[in-house]
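Residue numbers (the numbering used here), protein chains in the order written: chain S, 1 to 285; chain L, 286 to 669.
One should not assume that every hint holds.
[Claimed, not checked] Covered by chain S, according to a simulated footprint, are these stretches of chain L (three or more residues, beta-carbon under 8 Å):
1) 352–359
2) 458–469
3) 543–549
4) 613–627
[Claimed, not checked] Simulated restraints, written as ranges between beta carbons of each label pair:
5) L:611 to S:137: 57 to 65 Å
6) L:486 to S:20: 48 to 56 Å
7) S:147 to L:420: 51 to 59 Å
8) S:7 to L:420: 46 to 54 Å
[To be verified] Covered by chain L, according to a simulated footprint, are these stretches of chain S (three or more residues, beta-carbon under 8 Å):
9) 89–102
10) 219–227
To be clear, the hints were calculated from the coordinates, so they are not data collected in a lab.
Glycine is no exception: its CB is placed at the ideal position from the N, C-alpha and C atoms.
In case you want the letters, here they are:
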Amino acid sequence: MKKGELKEYGHPLAQWIRGDRLPFVFCSGCTIGSSMTCLARAFDRTIENMDNLVIVSGIGCTGRASGYFYAGAYHTTHGRTIPFATGAKVANPELDVVVFSGDGDIVAIGGNHFIHAARRNIGITVICVNNFIYGMTGGQMAPTTPSGDYHTQSTPYGNVERTFNLVDLAASAGASYVARWTALHQMRMEDSFAKAILHARKYGMSFIEIVSACPTYFGKYNKLGDSIDMLKILEKISVMTQPLSVHPHEATSDMSRIVCGEFVELERPEFTQEYQKIIDAAQQG
Amino acid sequence: MKNRMKKNRDVLTGTHYAMGNVAIAEGAIAAGCRFFAGYPITPSSEIAEHMSLRLPQVGGKFIQMEDEIASSIACIGASYSGTKAMTATSGPGFSLMLESIGLAVMTEAPMVVVNAMRASPSTGQPTKTGQGDVMQPKWGSHGDYEIIALAPWSVQESFDMMIDAFNLSERWRVPVVVLADETIVHLKEKLIIPPASRIRRIERKKPKVSPEHYKPFKTGQDLVPAMATFGSPYRFYASGLTHDERGYPDMTPEAQNTLITRLNDKIRLHRDQIVQVDEFMMKDAEIGVISYGISARGVKGAVREARKKGVKVGMFRLRTIWPFPEEQIKAFASRVKQIVVVELNYGQIIHEVDRFTGSTPVKLLAKPSSEPIHPTEILEVIAG
């Protein structure tokens, strides 16, 4: 595409995307792009002042996403999206800060930052696109790779490690909004993104896991077919649940069953608002 | 100092008896720092403690992070939100921060990192002093980069240097490392804080063009780009990937060459505006002792004693460690017959000094024993 083409064609999401950076770096059949579309639609519904939007992503396939959004955007080192976002949000609590990154970035190398941001309940939205694998580095095992007979470039004999349940992790660490969807559930995803952004403003950290399809590596190594085949599998194994009806611990995600839905929605004190009270007291006292 | 603090005042003008760590924190606040992210570590923890008390009083933010990696990158986030930000640590934490120091160099985020050096490597002796981390700011993060590092030798200079550190960081859009040491940060001495009107604060260059025409890494003659911040109409993308003027990733050899040349040259070509050195009794000196930080305190005593015995000796003190004062050392070396380098490690800055001393002989007094070097030890080397 040529510079500015999105705007010239009157694309409905043109205002959120840097037309001059297209085409995306993502492989054909990758579902990161469709998740980005849902996020842009959610921005349409929630962001009144575009100047206050900040998108942060880290290293990996999903890590490249921030650079395509026409917003304040930053591409951190591997795993450091959340502490960067924390600094940006604490310094200016008016900002809507959205972390959009991958499973390796957020829960492997960045796992410690993830649990502490959740515990702190800082008002940022964290979206984790989980494709079960390290894509950018050529398809190695991730903490989210399903256990058992699943093959990657670093588990040629299968994966003996347990799979991380990100919903359970986020909920037990203290995130105040927690949801999971697959890349197939575009409407639910968009609604959930919009809800998460509004939640983060008031009540603290929102976390959404998007189970994604990587035909290039995870699909190929495990003979799951192309992108459409993989989405059909996601459709078959995903289970929709009523909001807050399933305990996060029971909200499992593996290749036999992906429990989708909203698992936590709590009105907890948000970090920057609580800190403002400290500033007010310190300045008066 | 606590009982003399007045609420809402960011410059505590007056004469105090203060610890180095407190002087560092007050210097930062006086310089305009309004964000601190840190992780407790001896011997720097009092900086974080003092900031947690003082920053809310002046409307600033303090956050204790989960580790030093998080602390240092939170500073970059805060810096990009338009705030003057800092963190403080010691050797083990500084090792973890090097990742973000590289990112701050690459994305040109102004921030200040204090390293209260302790005896090392690894956990070493947490409560004892050392100068073993002086090469680390320059060479510790991967890749080719230039950085600014300063070394204070007193409580007063700890305060003063924090103002310099923030000003240099804002001016050149580069992280500035303050290499203090355990002795200086735990030392209590007289501290004179000047009136606010006497403290010069430099702010980062802001974009002058309209948002549509703004390119976040486009520079003028000084090689420093204007910095927009989050929450403004200037929407930009910044990345640790090699990028062009627009901030967009560019994987061509030309882009790598252009960016790395500029990031290095923006410091190298402006050494004259950055480097500061100090001399003591150098006028007729035949022996010149080069030192920095706490070690220079011992040298000053030794020079005084030697002068009493008629030895023509003086001191040359590095206030700036990086960029290394190459020209100043060259000129200095041509004025003396013998150079002695004194440092509290097993010999580090000597290697830099050696490169610029020409034919003037250089002796080394390096002591990796975790206690400050006594003037008598230095006198022996001067005499020998």
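Going through the hints against the structure:
Closer than 8 Å: that is the beta-carbon criterion, and the region 352–359 of chain L has 6 residues meeting it against chain S, so the requirement of 3 holds. Here the region 458–469 of chain L counts 0 residues with a CB under 8 Å from a CB of chain S, which misses the bar of 3, and the coverage is violated. For a cut-off of 8 Å, the count of residues in the region 543–549 of chain L with a CB near a CB of chain S stands at 0, and the three-residue condition is violated. Residues of the region 613–627 of chain L with a Cβ under 8 Å from some Cβ of chain S number 0, which does not satisfy the need for three, so the listed coverage is violated.
The hint said 57 to 65 Å for the Cβ distance between residue 611 of chain L and residue 137 of chain S, and at roughly 40 Å that hint is violated. For residue 486 of chain L paired with residue 20 of chain S, a C-beta distance near 37 Å fails the hint of 48 to 56 Å. In this structure the supplied range 51 to 59 Å is violated for residue 147 of chain S paired with residue 420 of chain L, their Cβ-Cβ distance being about 45 Å. Separation of residue 7 of chain S from residue 420 of chain L is about 50 Å and conforms to the stated range, judged on CB atoms against 46 to 54 Å.
For a cut-off of 8 Å, the count of residues in the region 89–102 of chain S with a CB near a CB of chain L stands at 6, and the three-residue condition holds. Three residues within the 8 Å Cβ limit are the bar, and the region 219–227 of chain S against chain L gives 0, so the coverage statement is violated.
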